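Could you build the full structure based on these sequences and the hints that come with them?
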Amino acid sequence: MIRTAVSALLAHWRRRPGQLLTLVLGLALATALWSAVQAINAEARTRYAEAAATLSGAGQTVIRRPAAPIGLAEYAAMRRAGWPVTPQLEGRLRAGDRAYPLLGVDLLARPVAPGPGDPDLTPADLLTAPGRLIATPDLAARLEAVPGLPPVLHDNSAPAGVILTDIGTAERLLDRPGQIDRLLLTGPVPDGAEPLAKLLPDARSDTVAPPDTASLTDSFHLNLTAFGLLAFAVGLFVVHGVAGLAFEDRRATFRTLRALGLPGPVLTRLVLAELTALALIAGLLGVGLGYGIAAALLPDVSATLRGLYGAQIGEGLQLRPGWIAGGLAMALAGALTAGAQGLIRLHRMPILDATGPDRWARSTLRQSRAMALAGLVLITAGFASLGAGGLIAGFMAMAGLMLGAALLLPFVLGAVLGRAARLARGPVAQWVWADMAAQLPGLSLALMALLLALATNIGVGTMVSSFRLTFTGWLDQRLAAEIYLTARDEAQAQEINRWLTGRADAVLPIRRHDTRLSDRPGRIYGVIDHATYRDNWPLVTAAADPWDRLAGGAVLINEQLAYGAGLRIGDTLTLGPGWSAEIAGIYSDYGNPRVQAIVALPVLLHHHPDIANRQMGIRSDPAGADALIADLHARFDLPADAIVDQQAIKAMSLSVFDRTFLVTSALNILTLGVAAFAILSSLLALWNARLPQLAPAWALGLSRRRLAALEVLRSTGLAALTALGLALAWLLLAVVNVEAFGWRLPMHLFPLDWLRLLALALLAGAIAALLPARRLMRLPPARLLQVFAHER
Amino acid sequence: MNVDRRTLLAALLAGTAGPVWAQGFAGLGSDADGFSRPDPGYRFSFPADHGPHPGFRIEWWYLTANLRDAAGTDYGIQWTLFRSGLKPGETAGWQSPQLWMGHAALTTPDRHFHAEKIARGGIGQAGVTPVPFEAWIDDWQMAGPDPDRLTLRAHGDGFAYDLRLQAEGPLIFHGQNGYSVKSADGQASHYYSQPHYVLNGVLTLPEGPVEVTGHGWLDREWSSRPLASDQSGWDWFSLTLDTGDKLMAFRLRGARGDFTAATWIDPQGRAVALGNGEITLIPNHFHPVAGREVPTEWSLSLPERQLDVTIRAVNPGAWMDMSVSYWEGPVRITGSHSGRGYLEMTGY
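Protein chains in written order, with my numbering: chain E, 1 to 792; chain C, 793 to 1140.
Don't take every hint at face value.
So, partial list: chain E residues that the calculated Cβ filter (under 10 Å) puts toward chain C [stated by the list, open to error]:
1) 73
2) 104
3) 109
4) 166
5) 786
Hints were generated in silico from the structure; no laboratory data involved. Just so you know, these numbers come straight off a predicted model, no measurement behind them. Backbone N, C-alpha and C define an ideal beta-carbon position, used for all residues, glycine too.
Shown next as structure tokens:
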């Protein structure tokens, strides 16, 4: 009996291969999108962890003793206490008429790749007198021209502009025997090791902290995950529609099987097993497809990063078991969710149920009201969850709002169409509007899918574009100057400053004072009045002429401070005892955990005259920056890491960023494709049910061509109406981001993108209707006449 | 450019001193410019000879021990400090031409943990002092008032040990009063051992500490050119038999033939040197490890002492994958005699 039942159930798919294809493909596409987003998400995360690390020289812990160099005995004592430290000695090596920074390291602790010309290099050559100097080929060539220096090794991977050598060679060349400038921590300090304070009492340990991009990227990734889920949901609408249709189509089969004695629970289980099998097949297909999408959308980014940063990152995209399992689980859960309604109905179906292919299509007004109500509840719950604050709450809110909006859609569209039908003039127009309204229940699922797809598009598009602008601004804000320099001391800073006059476009002192602002740990920067700031500083809101006001004593604050302390333009901020200023502007400051304020430098110095003046940003012609850096190194006794050329790093970061997010636009198109597929499958499903409605119109004199054109128009019109509903979704998105993440990704509007999207939505609607329309045009009139013959 | 520097530094910091030791065991057969040569007439002088001999090119303090826990599980540990002179003599500070390399290992029947440290002489990061006796590299050390009473510590990825050693017998001088010949051409080293250590202490494994007891063997050897030019490596055995007898045996593998030597040590600590060919060493079984075939089961016979035993590695996978790599691990002895010991195989 069961075997018979199974073959009877499966026979349906033989008769309707299109339905099977739609079901499997819908689920596979949904899983594919989800999996691809997951993979890309993970990739992107890795990417910018690396980009951020590159910007900062991240995480390196340096131990120094400000008062005096560290001695060899002290170094040995630290090693013997288990501290994994490695010594460095720095200085300047006079070579001819120039001096170059020299970095001495313990070459024994490191592998040294000998230059191509020195295959016979021995450890004794490197470690014992005269030793070897290691430099990039251009510098090496200059050094070789100088008599009296140790032999030079050419090494492309050597630090630019710096001579690397063994610390033993360095101490001889610099005449600083037995001295160590700093120790780098190369690993974790073992538990129970003697503390630094005991080993080197007056030493200081500084960890160069990576910039805190974590909170910034977290919100971004959560958004991306949310959109991955929404993309999945789009696919599920397809599955839900097809599963429901298949159920209705097989109503007669079910009834017959039941009548022949197959128990209801057994039938339910059989259908469940069938759904599960289909889900697994579609899931596997989807995971494979998703992997393909992700792999195709992430071309050689790894290789680029290796080239740019020399960082060894894994080949990135790997088909991991967890990933496959996750994709399959999503497919299964999705199929069961989508098929739940059908299964429950099947379970409750009376043995002798009336059959009718149009039943499924006729979801009632009551249903659309219930859905609208559920949508409202979801939206309300979404807003309510914002109260909890934090990223997860933001995620819940966004999901609630988007799904809620989708659920509201049929009701809203119904209302709009009803109103339109009443306003319509002429019989054809009236019929078209009324027919649209009648068609709505059957199409509503597909339209909801379209809404979600569009929302996903807008969400991802807006987010990536805004994020990029923000990222650029963030880079510019911190790295506006071409060169950053930290002098050894104030005297040297002044000397450099004088020397730079006429050689650089401008020197921007970087001077700051750490304090508490509105009772939070914060920092006040003093800036000079310069176009760099006017051009680059990303102000979210500002009073008129904020920079002029700043020069006049006003203050600019970052968004964190404004948001946290509830400050607005025109409010007064206390910056210290007896010092308060009017807020002239608020700037975005992504990823900064601290509150921050900017005042004019003279004002800051008036209140804190003793602030150190060692750091500066140097503006120069970007093309001449390299030469200027070389000159600075040659002219001044600067530590090797004292000068940072930010243009190069900025360009690299942005190119990596762009390559990474190239993928999102492709994902957008794919999502939209799935939505178009949903509409197509719904229209095809409705096809049989539509004939009885079209036949009378045809009989009354509307040509098939006209009917077909109206068909396309109708679908396009519904898509347009759906797209208009998106303003709501977008608004919610903007609100949610601010509420959840504490700052606003400035919602840069991209009107052209929006127009393009609207056009795409219309195109999706039109294309989806084309196939049924074509069928209609070619339909033999006899078929239309049959409708009257078979009138039920 | 900042990027490049960081990359370079990171790469430099992460690695080992490959080129320094890359010449490996084959280098032990190369010329000894300016270094002292072992002298058959040399008279040892203690405690000074427990310390380094920077006039010679290569030297080691090599401790191995067979240990057992309460459940009877066999363990082996190795603690080795190698000294290698780039030039003869010692200079204080970074200019020192002396390089030090430490190897530590802990072998269980199914796992082999090992670690390496490299340092320069002259700065105090590594070295050996005879009085009080101390051999160290970073925070690994073998130290005590004298070599008869030692504490031994080392740690690495996944393992650590902290052991106490007590010598219960005299030093043993191999070959001719500690002048140990390595080839028919006369290559030699100064070589003495302390094979009579009794040990107890704690091994720390990933799953937790294990109390152990056992016996240990310290080898001291220095030379400038211990191998003949045709010799590619050696197989070295230190065996402690249940009868209380001990045996040190080695075979140097050369293109022109193998060279063997051994020292029989009776329970009273009397040593008898056995010359080339007196012992027979035959590899029975080769085990694939680290992409090579290494003989981890041997037959050893010494008819003169009615000794005919099979020697099997406790863990055939005890490969020391280091700047200089070799096989080193505990063995079990069966046959005419039973017992435990250590096996070292280089040049495979």
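Hint-by-hint comparison with the structure:
Taking 10 Å as the C-beta contact cut-off toward chain C, the hint placing residue 73/E at the interface holds, the least distance being around 6 Å. Hint on residue 104/E holds. Least Cβ distance to chain C is approximately 9 Å, under the 10 Å limit. Here the hint on residue 109/E is kept, as its CB sits about 7 Å from the closest CB of chain C, short of 10 Å. Hint status for residue 166/E: holds, given a least beta-carbon distance of 7 Å to chain C, under 10 Å.
A least Cβ separation of about 75 Å between residue 786/E and chain C goes past the 10 Å threshold, and the interface hint is therefore violated.
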